[in-house]
Amino acid sequence: MAVVEPLEEEQIERELRDYVQFFKGPLGVVPNSVRTMSHRPHIAKAFTDLNIAVMKCEGEVTPEFKRLVGYITSMVSGCRYCQAHTILGSERFGSSEERLNDVANFEDSPHFTAAEKAALAFAFAAAEVPNGVTEEVADGLRQHWSDEDIVEIMGVIALFGYLNRWNDSMGSALEDLPVEAGEKYLKPSGWNVGKHT
Amino acid sequence: MPHVTPLPFESVPEDIQERFTHYKNTRGFTPNSIQTMVRRPNIVRAFMQLNQAILYEGTVSEELKMLVSLIASQASGCRYCQAHMANLCKIYESSADKIGQLWEFETSELFTDAERAALRVALHGAMSPNQATQEDFDELYKHFNEDEAVEIVASIALFGYLNRWNDTMATELEELPSDVAQETIGGNFGWEPGKHA
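Line order of the protein sequences matches chains A and B. Per my numbering, the very first residue in the first sequence carries number 935; after that it's consecutive. Per my numbering, the very first residue in the second sequence carries number 1327; after that it's consecutive.
Next comes chain A alone, as it looks inside the complex (with noise of 0.2 Å):
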């Protein structure tokens, strides 16, 4: 059960309402992590601005691509709510069957590229408690990327990092959406709903 209720996008006041609406693209809902943050209407609103800043892609790293990098911390940290959302997410932007169902084991898999490979790895140390990036994995990064490349993948892993805290401690209830995507493709890899129902 969610520590705060979300509240209902008619309670949300007006001008934020429509901003969140952003939401829809992306994940086809506004998310009920959104719709708790809006209690505090500009935690709300400023988290809205960074997750489109963070998810505007400027140079080699694709939307599609960034959803995988949040699915990996996500499955490191083990927030079950972001793993739903970001392959589903990713669905979205046009992923394949075959990456979707291949990124938890990203090593082993020939659906994705060196650069892709490195970067996963990245994301995956750099979630682990303690961090995990160590000179190796930071420059087998920056062999594929350029530094705002980098900056961009980071900000990806660092915003997961905000969401993974945020929706595994409120047990933030998953949405349809997301639990159909989580269903056909998080299955073998053993994931339910958890806490959040």
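In short, the hints are calculated from the structure, not lab data. Mixed in with the good hints there might be a few duds.
[As the list claims (entries may be wrong)] The calculated lysine-lysine pairs, modelled on DSSO-like cross-linking and capped at a C-alpha distance of 30 Å, are:
#, chain 1, residue 1, chain 2, residue 2
1, A, K990, B, K1350
2, B, K1350, B, K1468
3, A, K1121, A, K1051
4, B, K1468, A, K1129
From a predicted model like this one, the values you see are computed outputs, not experimental measurements.
Starting from the known structure of chain A, arrange chain B on it as the hints suggest.
Here is chain B on its own, set in the frame of chain A:
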């Protein structure tokens, strides 16, 4: 060594230079963390807004939110964030003893029951996998309302972003927070700069 070089002040967009100068005036320095983040200016703009909305607005005291952020950073192991938050706890008038005894908040006489309830959620919410329980929140609600729970969990989540950012990037620690960390959490807690030196 940091994995991405901070941008020099003169290459930062003007509106962001103003914010950086504000940080310098209020804290005594501009954090290196945002000087790497600024390679994507909209990320740093949104991040600074989120930081402002969570830590400096609302009805939970700044001091408690700084203590919550410090213990979350202690749980995750990011020494850069630990030093910064020890400094901010001091600025918001926690005594050196109180900062030094934070890790023993359950037994230290320097903490109230309300502070303990918030710190317990922070300690458990920053663990991986997440250890925050229904009982932790039942106790929190004896002292805080739902809107304040949003402020407290948002502080924990904000440091989910920052702990990952700074411990992954190996952000170089500035002199002032380093000195404050030595005098407050250097003894009991055994703080050292580690890779942030």
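Checked hints:
no.	hint	in the structure
1	K990(A) with K1350(B)	29 Å, holds
2	K1350(B) with K1468(B)	38 Å, violated
3	K1121(A) with K1051(A)	22 Å, holds
4	K1468(B) with K1129(A)	23 Å, holds
The structure fails hint 2 only (numbered hints given earlier).
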